[in-house]
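Colleague: Here is what each chain is made of, one letter per residue.
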Amino acid sequence: MVDCSAPIFAAGLNTALLGGHHAPMPSYVVLIYLAAAILFALSLKWLSTPRTARVGVLAGEIGMAAAIIATLFLPEVRHYQWILVAGLVGVIAAIPVALVVPMTAVPQQIAMFHAFGALAAALVGTAEYYAHGTALGTSTLIAIGFESLLGYLTFTGSIVAAGKLQEILPTAPMSYPFQNFVSIATLGASVIAGALVVLYPANALVFPIFVALCLLFGVLLIMPIGGGDMPTVIALLNSYAGLSASAMGFVINNKLLIIGGALEGSSGFILSMIMCKAMNRSFVNVLFGQVQAGKAQKADDIYGGNIKSVNAEEVAAILDGAIRVVIVPGYGLAVAQAQHATGQLFNLLQERSVDVQFGIHPVAGRMPGHMNVLLAEADIPYDNLKEMDQINPEMENIDVAIVNGANDVVNPDARDNPNSPIAGMPIINVDKAGTVIVIKRSLSPGFAGIPNPLFAARNCLMYFADGKKAMLDIIAELEKL
Amino acid sequence: MVDCSAPIFAAGLNTALLGGHHAPMPSYVVLIYLAAAILFALSLKWLSTPRTARVGVLAGEIGMAAAIIATLFLPEVRHYQWILVAGLVGVIAAIPVALVVPMTAVPQQIAMFHAFGALAAALVGTAEYYAHGTALGTSTLIAIGFESLLGYLTFTGSIVAAGKLQEILPTAPMSYPFQNFVSIATLGASVIAGALVVLYPANALVFPIFVALCLLFGVLLIMPIGGGDMPTVIALLNSYAGLSASAMGFVINNKLLIIGGALEGSSGFILSMIMCKAMNRSFVNVLFGQVQAGKAQKADDIYGGNIKSVNAEEVAAILDGAIRVVIVPGYGLAVAQAQHATGQLFNLLQERSVDVQFGIHPVAGRMPGHMNVLLAEADIPYDNLKEMDQINPEMENIDVAIVNGANDVVNPDARDNPNSPIAGMPIINVDKAGTVIVIKRSLSPGFAGIPNPLFAARNCLMYFADGKKAMLDIIAELEKL
Amino acid sequence: MDANLESNLFVFALAAFLGYEVVRRVSPQLHTPLMSLTNAISAISVVGAIAVTGVSHNPALVVVLGSIAITAAMINVVGGFLMTDRMLKMFKKRTVKPPAHSPGQHSPQPQEPNRG
Amino acid sequence: MDANLESNLFVFALAAFLGYEVVRRVSPQLHTPLMSLTNAISAISVVGAIAVTGVSHNPALVVVLGSIAITAAMINVVGGFLMTDRMLKMFKKRTVKPPAHSPGQHSPQPQEPNRG
Ligand SMILES: NC(=O)c1ccc[n+]([C@@H]2O[C@H](COP(=O)([O-])OP(=O)(O)OC[C@H]3O[C@@H](n4cnc5c(N)ncnc54)[C@H](OP(=O)(O)O)[C@@H]3O)[C@@H](O)[C@H]2O)c1
Ligand SMILES: NC(=O)c1ccc[n+]([C@@H]2O[C@H](COP(=O)([O-])OP(=O)(O)OC[C@H]3O[C@@H](n4cnc5c(N)ncnc54)[C@H](OP(=O)(O)O)[C@@H]3O)[C@@H](O)[C@H]2O)c1
Chain A
1183 MVDCSAPIFA AGLNTALLGG HHAPMPSYVV LIYLAAAILF ALSLKWLSTP
1233 RTARVGVLAG EIGMAAAIIA TLFLPEVRHY QWILVAGLVG VIAAIPVALV
1283 VPMTAVPQQI AMFHAFGALA AALVGTAEYY AHGTALGTST LIAIGFESLL
1333 GYLTFTGSIV AAGKLQEILP TAPMSYPFQN FVSIATLGAS VIAGALVVLY
1383 PANALVFPIF VALCLLFGVL LIMPIGGGDM PTVIALLNSY AGLSASAMGF
1433 VINNKLLIIG GALEGSSGFI LSMIMCKAMN RSFVNVLFGQ VQAGKAQKAD
1483 DIYGGNIKSV NAEEVAAILD GAIRVVIVPG YGLAVAQAQH ATGQLFNLLQ
1533 ERSVDVQFGI HPVAGRMPGH MNVLLAEADI PYDNLKEMDQ INPEMENIDV
1583 AIVNGANDVV NPDARDNPNS PIAGMPIINV DKAGTVIVIK RSLSPGFAGI
1633 PNPLFAARNC LMYFADGKKA MLDIIAELEK L
Chain B
1183 MVDCSAPIFA AGLNTALLGG HHAPMPSYVV LIYLAAAILF ALSLKWLSTP
1233 RTARVGVLAG EIGMAAAIIA TLFLPEVRHY QWILVAGLVG VIAAIPVALV
1283 VPMTAVPQQI AMFHAFGALA AALVGTAEYY AHGTALGTST LIAIGFESLL
1333 GYLTFTGSIV AAGKLQEILP TAPMSYPFQN FVSIATLGAS VIAGALVVLY
1383 PANALVFPIF VALCLLFGVL LIMPIGGGDM PTVIALLNSY AGLSASAMGF
1433 VINNKLLIIG GALEGSSGFI LSMIMCKAMN RSFVNVLFGQ VQAGKAQKAD
1483 DIYGGNIKSV NAEEVAAILD GAIRVVIVPG YGLAVAQAQH ATGQLFNLLQ
1533 ERSVDVQFGI HPVAGRMPGH MNVLLAEADI PYDNLKEMDQ INPEMENIDV
1583 AIVNGANDVV NPDARDNPNS PIAGMPIINV DKAGTVIVIK RSLSPGFAGI
1633 PNPLFAARNC LMYFADGKKA MLDIIAELEK L
Chain C
3 MDANLESNLF VFALAAFLGY EVVRRVSPQL HTPLMSLTNA ISAISVVGAI
53 AVTGVSHNPA LVVVLGSIAI TAAMINVVGG FLMTDRMLKM FKKRTVKPPA
103 HSPGQHSPQP QEPNRG
Chain D
3 MDANLESNLF VFALAAFLGY EVVRRVSPQL HTPLMSLTNA ISAISVVGAI
53 AVTGVSHNPA LVVVLGSIAI TAAMINVVGG FLMTDRMLKM FKKRTVKPPA
103 HSPGQHSPQP QEPNRG
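Listed in order, the protein sequences are those of chains A, B, C and D.
Under our numbering, the first residue of the first sequence is numbered 1183, with each subsequent residue one higher.
Under our numbering, the first residue of the second sequence is numbered 1183, with each subsequent residue one higher.
Under our numbering, the first residue of the third sequence is numbered 3, with each subsequent residue one higher.
Under our numbering, the first residue of the fourth sequence is numbered 3, with each subsequent residue one higher.
Hints were generated in silico from the structure; no laboratory data involved.
As the structure is a prediction and not an experimental result, all values here were calculated from the model.
It is possible that some hints are incorrect.
Partial pick of chain C residues on the chain D-facing surface, computed with a CB cut under 10 Å [unchecked claim]:
# : residue
1 : Asn10
2 : Phe12
3 : Leu16
4 : Ser29
5 : Met92
Taking CB as the label site, the calculated pair distances span [unchecked claim]:
# : chain 1 : residue 1 : chain 2 : residue 2 : range
6 : C       : Ser29     : A       : Phe1255   : 37 to 43 Å
7 : A       : Met1455   : B       : Ala1499   : 55 to 61 Å
8 : B       : Ser1624   : D       : Lys91     : 34 to 40 Å
Even for Gly, the Cβ is constructed at its ideal location relative to N, Cα and C.
Using the sequences and the hints given, assemble the complete structure.
Modeller: Take a look at the structure:
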C-alpha cells in the first residue's frame, strides 16, 4: 500500500497549509469552473463589437450562473438557508436599481456596484481569517492581506468616487496640507498592520486595525482627486476589485476566481491607460490629483469682442442649407439629458436628406464610451457614430458642425498651442468645418478649466442655452421651414 | 504537529500518482519557467508585424535558453555528460542546415524540424513509460498515450510531407483500394493498443506494438494527400506536435511544456484553417485527399484561338508606357527561383518612376506567406507587398499587371463560375487591370488542375518562358529603351 | 515552491495576458458596457462567499460575514449584468424607419456641396 | 479531481485561448515565419527530455532514449529559431536607395493615368 514517506508527506503538508483546508473539489465542479472561465474570456472577446456584444453578456451570465450552481453542489457547503436568503436579498436589491438608473448616472452606478463587489471580496478574506486564523500558512495570510487591502480600499474609494460623480460630495480636488504625506503614511501603516497580521495571526487586535486602516486609505486616496478624473479612478478601482477577487482565488485555491479577477484586473488597467492617453495626462498625475502645469491664455484676451451669438431661428436657417452635418456631443449633453432631443434632430435632418454623423471623442463626457451609450439610448444607429479618427479627415467637407455641450474635446489650443495645459490631447477638429455652432449655457470653461479659442473663431457661432432646450427649439424652427 | 489525516493523505497520494514521482520544483525554477511561458506568448504577439517580429524571435530565444538552463539546475538532474553531448550534437547538426537551406525549400525544412521535435516528444513519453511503467497512474498513462500517438504520427507524417515537398516521394495524391478504411483501421488499432498500455502497463509487448502502429498511421495519413496540400498538412502537423508537447507537460506535470505546446497547438490549427478558407476547401476534404467536385470547362473550349503571345521586347515596350504596375507572384516564381530577377525589375521600374506594387494572394505558392519570404529575400520593401484585399480595389486603376508563375490565384472562374471546382476561392482580380501579362512556360494548369479563362481574355498577353529567364530578358529589353 | 501556488501563478499570468489581448480590441464605443461587464464578472467572488458561508463547522461570525458578502456580491452580479445588457440593447444597427434608412452615408439627391 | 490535473487543464485552456488570440492577429505576410517560430517554441519538449535523461536512477534504456530526444529537440530549437530569424532579416521596411524611396504609393510626376 501507500506509505507516508517524506516527499509525499511534504506535499500533503503544503496542501494543508495553502488552501488545503478546503476538501478537493469534485471533478464536475472543476470542469464547470473551467467552462465558466472560458465563457468569461469569450464574453469579453464578444464584447469587442456591437454585433456580438449581447451574446457576450449572455456568455458571462451563463458562466456566472453555472459557477454559482456548481458551488452550491460542493460537498462542504451546508448552510443553504443563509446562502439562499443572502443571495435573494442581493438579487432583489439589484434588479430595480439596475433597471431604473438613468443612463447619465451610469458612471456612479458602476462605482456603487464596484463598492459592493469589493466589499464581498474583502469580507470573504476577513471571514477566512476568522475561520482558520492561526492554522493558515504564510502565503495564504499574505494573499488574505492583499485581498483585504484591495477590497476594503476599493470599497470606500468607490463610494467616495460615486459620491463625487453624483455631486453629493464636493467634486473639486480637495487638497489639504501634507495631503500626499498623510495618504502615503496611511498606506504605510496599513501595510505594516498587514505584515503584523501575517506574523502574529493569533493576535486579536491587529486584524481590525488593519481593516480600519485600509478603509481609511480608500477615502484618503480618492478624496483629493477631482470629480472629472473620477472615470479614470473608477477604471482603476475596477482593476483593484479584480485583483482582490484574484487574491481570494489564491486564498481558497480557486482558479475560476483567479481568472475572473485577472481578466478584470487587466481590463480596468487598460481602460485607465486609454483614458489617460486620450486626455494626454500621466497616470501619476491623475492619481495625485494634480492639474497639469502650463499657461492657459486669459479668457478675456481671447473672447473680447469676437463672440458671435445666434438663436434657434438662425441655426435652423443654417441647417436648412446644409448637406453634411456633424454633431459633436460632450459632457453638457449628458448634464442637459439632451440625448433624446438630439435624436429627434438627427431624425428630422435625415428626413430632410441631410447626411448627419456624430463625432465621438474618446473622452467626451465623463467616462469612456459615455456618449455612445447616451446616443444609443436615443435610438441613433451606431453606424452613424464616428470615432475621432474617422471623422477628422472628413471635417473639411462638413458644412455645419454642431457642438452640443462639448468644450475641451473641441479646443483647438490642444492641437495648436504647445503651452496649453491640455496641449497634445487629440481633439475633434470642428474648427475645420464650414460653420461651427456651439451650444452651451455660458462662456464658462469645461472640465480642464481653460478658455476655448474656438468660441472666438471666424466661423464659430455661439448659441447660449441649455443643451436640451436648444435642440428642441432648433427642431421647432426647422419644422416651420 | 501535522497529522497524517485522511484528506491530506489522499492529496499526497494523488500527487504520487500523477507526476508526483518528480520531486517538487525549486521556486526559482518555477519562476523562470513562468517567465519563459510569458516570453513565448510575447514572442508570438510581437511576430504580428514585421516591425517587432525580430524582437519576438529574440524573446522566444531568451525564453528557451532560460528554460533550458533552469532545467539543468533541477536537483534531480544528474547525467550532465549525456545531456551536454546530446545537446551539442543537436546544435551542431542544426546550425549549418538552418543557415544554408534555400528559401524555396523552407516548407520542407519546417516539416523536417517538426519531425525532430515530434520525435523528441514521443521519445520522452516512451522513456517515461520505461522509467516508471507500472508505477504510473491512469491519467498519466493516458497522457503518455496521447503524447506518443501524436508524437510518432507527426514524426513519420512530417517526413512523408517533407519528402513530397522535396519531390523525393511522388507528389500526386496516392490512392489505393480501401484507402480510407485502411487508415481508419490503423488509427483504431493504435487507439486500442494505447488503451491496452493504459490497462496493462506491465505487459512488455503492447507498448512496442502501440509505437509501431502510431508510426505506421503517420505514413498512411499523409501518403494519400497531394503534394499541393502539404502546406495545410504541415500546419496541422505543427498543431499535433504542439499538442504532443502539451501532453508531455501533463505527464511530467510541467506547466511550461503545456503552455508552449498549447500555443503551437492553436497556432497550427488557425493556420490550417486560414489556408483552407483561402482555398475555399473544407478541412475534411484536405485530410482525405479529395479533390472538390465540380465541372471545370474544357481547356480547348476556352483557349482555342484566343491566346495572344508576346515576347520580352513587347513586354518592355508596354511597361515603358505604364505608370502603375502590379506584379502577382505565384508558385512558378518559387520554382524558377525568380525572386531576385523580380527584385531587379522592381528596382528598375522604380528608378523609371513607375509605381510598382506586389499583389500577394494568401495561398500563392505552396505555403502561407511563401511569396512574402521570397520577395523579402530579394530586398523588396514590405510596404510594397499588398495583400489581396488591399490591391483588389485598386486594380481598375492599374495599367499593367504582371503575373509571374501564378495561375489558380488569378483564375477569374473562381469568382464568376459557380460550377468551377475552385468556385468561391477569393482571387486577385488581375483581369480588371488595363493589360495583363502572364509569364509561365506553357498553358498547363496550376495546382488545382483546371484551365484558366484569364489566358484567353481580351486584355491578356501570354509570355511563355521560365519565370526567371523572362524577368531577366524583360530587364535587358527595358534597359535598351 | 508549493504546487498550488505555482499553478495559481501560471493561471493568473495567463489570464491577465489573455484579458489584455481581448480587452484592447474592444471598440471604444463599447468602453462603458465593458467596464460594467468586467465589473459583473469580477463579482465571481460570490463563489468564494458561498464556499466560506456554507461550511458547517465555521463560527457564527464567519457565517454572518459570508452572508453579507453573498448579498453584496449578488448585487454586483445581478446589477452589473442587467445594466450592461440594458446599455447594449440600446445599440442599434440601423433605425427601422425607411426615411432614416435611405440617406445613409451620403445624401441621396446629388447636390453640389455648399459650405456654411 | 486531482489538483495537478485540474491546474494543468486550466493552464492548457488559457494558453490555447491566448495562442488563438495572439496568432490570429499575425499579418499574413508573416505566416511562414510564424510556422517556423511556433515550431521552434514547441521544441520546449527539450526541457522534458533533459529532465527524463538526467535522473540518476533511471535505467540505461531511458537515458539513451532521453539523449536521442535531447538531440532531436535541440535540432528543432536551434534550427527553428535560426531559420525564423534568417527569414525575418530579409523583411525590410524600405530600400535605402533614394530613387526607390520617392515613388512610394503614387507616381511622383503628376501624370494622367493611362491604361495599357
Ligand atoms: N470621458 C472620460 O472618460 C473622461 C474621464 C475623465 C475626464 N474627462 C474630461 O472631461 C472632459 C470632457 O470634455 P467635454 O468636451 O465632453 O466636456 P467639458 O470640456 O467638460 O465641457 C462641458 C461643457 O458642457 C457645458 N454644459 C454643462 N451643462 C450644460 C447644459 N445643461 N447644457 C449645455 N451645455 C452644458 C459646459 O459649459 P456651460 O457651463 O457654459 O454650459 C461645459 O463647457 C475632458 O476635459 C476630459 O479630459 C473625461
Ligand atoms: N500557399 C499555400 O499555403 C497553399 C497551400 C496548399 C495549396 N495551395 C494551392 O497552390 C495554388 C497556388 O496558386 P498559384 O497561382 O501560386 O500557383 P499554381 O496555380 O499552382 O500555378 C503555378 C504556375 O506556375 C507555373 N510555373 C511552374 N514552374 C514555372 C517556372 N519555372 N517559370 C514560370 N512559371 C512556372 C506553372 O505553369 P507552367 O507549368 O505552364 O509553367 C503553373 O501554372 C493554389 O491552387 C492553392 O490553393 C497553396
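Colleague: Work down the list of hints and note, for each, if the structure agrees.
Modeller: Structure-based check of all given hints:
no.	hint	in the structure
1	Asn10	holds, 8 Å
2	Phe12	holds, 5 Å
3	Leu16	holds, 4 Å
4	Ser29	violated, 16 Å
5	Met92	violated, 28 Å
6	Ser29/C <-> Phe1255/A: 37 to 43 Å	holds, 38 Å
7	Met1455/A <-> Ala1499/B: 55 to 61 Å	holds, 57 Å
8	Ser1624/B <-> Lys91/D: 34 to 40 Å	holds, 36 Å
Checked against the numbered hints given earlier, this structure breaks hints 4 and 5; the rest are met.
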